[in-house]
Amino acid sequence: MLRRPHYIALGLVVLLTLVIFNLPSRTTARFKLGIGGLFLPLFGLASSSQQAALAAGDTVISRGELLREIEGLRRENQQLRIQAMQAEGASGENARLRQLLGWQRQAPWKVKSARVVLREPSNWWRTVQINLGSRDGLRVNQTVLTVEGLVGRVSSVGLTSSQVLLLGDPDCKVSAQVENATRDAGIIGASGPLDRELVEMGYLSGSANLKSGQVVRTSGNGGIYPPNITIGTVVDSHPAEYGLATVARVKPAANLNALEEVWVIFQ
Amino acid sequence: MSWLHALFVLVTAFLAVFWEAAFSGVRHLVGVQIDLLPALMVYASLCAGITTVVLLAVLGGLWFDSLSANPMGVSVLPLFVIGLVIHAKRELILRDQGFAQAVLGFAASAAAPVMTLLLLFTTRHTPLFGWGTLWQLAVMSAGGAVATPICFEFFGWLDRALVHPRATQTSFRADREIRRGR
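Chains A and B, in that order, are what the protein sequence lines are.
Just so we're aligned: the first sequence equals residues 325 to 591 in my numbering.
Just so we're aligned: the second sequence equals residues 2 to 183 in my numbering.
Isolated chain A (complex conformation):
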């Protein structure tokens, strides 16, 4: 059975755990970031090994394929330039109309790119670590997205790296709106433990008229996420709470399982 050293060790560990649990949340956050900082030298190692693997893959791509890709990108760039020109015109018209109606002018987003350096090691949260921190001006609750759609929000900030809560994490709730005639609003919440492809949209009214393929965007309510960022598309829906509410499953537009580069919005 347990001997004296076992009891001493058990007492010490229990005491230490209780002390850590009862630390003020700010101290715990700093403690966490400090210990997480020990892994900093390994971040570079991991990214350089990934780059080496990519470089090794690049060497076997043929010149013809590269030329085809350049041509495709050139064409896409021209299309995007035309769309940007069109959007610039619409943005100017929007600003003038807002001025005429006396509405507040919308400031354009300032974004910064970040690389995903680590993923959540446990299976019951959905987070990633990015290589931007307080020295880059990052703050808690800033919105993180990719060109496809919303990714999540910054939950804690270290000096050189930060943690991002992904869509589907129990602590990442997003006020959302479905692009349909009734503009049904709800909350994007947690997904199932194994559902890495879908998130759940709850708090929709019982009479919500949802169809598969409808686009879901941020509503802007709640003060964290700016409005009109694409979240994903409705997959299916079912009544809940004895028909008083509807729950929909939404497929996020951004591929949350293969994030490599993300953008952080600095408003």
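By construction, these hints were calculated from the structure, which means they are not laboratory data.
Every residue gets a Cβ at the ideal spot worked out from N, C-alpha and C, and that includes glycine.
Hints are not guaranteed to be accurate.
Now the in silico label distances, taken between C-beta atoms and shown as ranges [as the list claims (entries may be wrong)]:
(1) A:A376 to B:L159: 24 to 32 Å
(2) A:T383 to B:R96: 41 to 49 Å
(3) A:Y566 to B:F130: 22 to 30 Å
(4) B:R96 to A:N346: 55 to 63 Å
(5) A:N465 to B:L30: 43 to 51 Å
(6) B:F130 to A:R459: 31 to 39 Å
(7) A:A377 to B:R125: 41 to 49 Å
(8) A:V384 to B:W132: 37 to 45 Å
(9) A:S373 to B:I151: 16 to 24 Å
(10) A:S371 to B:R96: 35 to 43 Å
(11) B:L30 to A:N418: 26 to 34 Å
(12) A:K575 to B:W132: 40 to 48 Å
Over the 12 Å line for every Cβ pair with chain A, so calculated as not near, a few chain B residues [as the list claims (entries may be wrong)]:
(13) V31
(14) F65
(15) K90
(16) D97
(17) H165
(18) T171
(19) G182
Since chain A is already given, all that's left is putting chain B on it; use the hints.
Below, chain B alone, put in the same frame as chain A:
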């Protein structure tokens, strides 16, 4: 050299935690990330002293929690309880048998996440939890069952490669030599 042994275990734990956060090949394959710390704890509790068990539980748990959204310290107690139970009963365990190692790794890798989830719910956190958790536990346990004998092999190899073998006395004694004469 117990301090060198403890150092090996701790460095391996540090690298294991980093591997779990940096490489998600297993997660892409089976939808679950395997935790290597319980397997390491089985090794430490069978082959090292109680100090190494405490250090591995505290440092390993804190390293893991620092890279995770877990509240700080939540992984320490489950790891330590596993280590303590095995350490207290280690005279009864056939530690050199691969099957015993695998069974212990399986049990430890199932118990650690269950205890962590219990602690999370007790401290009013709401982790992702559902029927899928059973699959996660099954995969983590199977992963632990495979990883534990590998841990023993790895440290055995490390010991043979880096630690000077203990000098053994031969059974030959000069004073007992039978001298044959004519």
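Of the numbered hints stated previously, which ones are contradicted by the structure, given in increasing order?
-> Per hint list: 4, 5, 11, 12, 13, 14, 15 violated.
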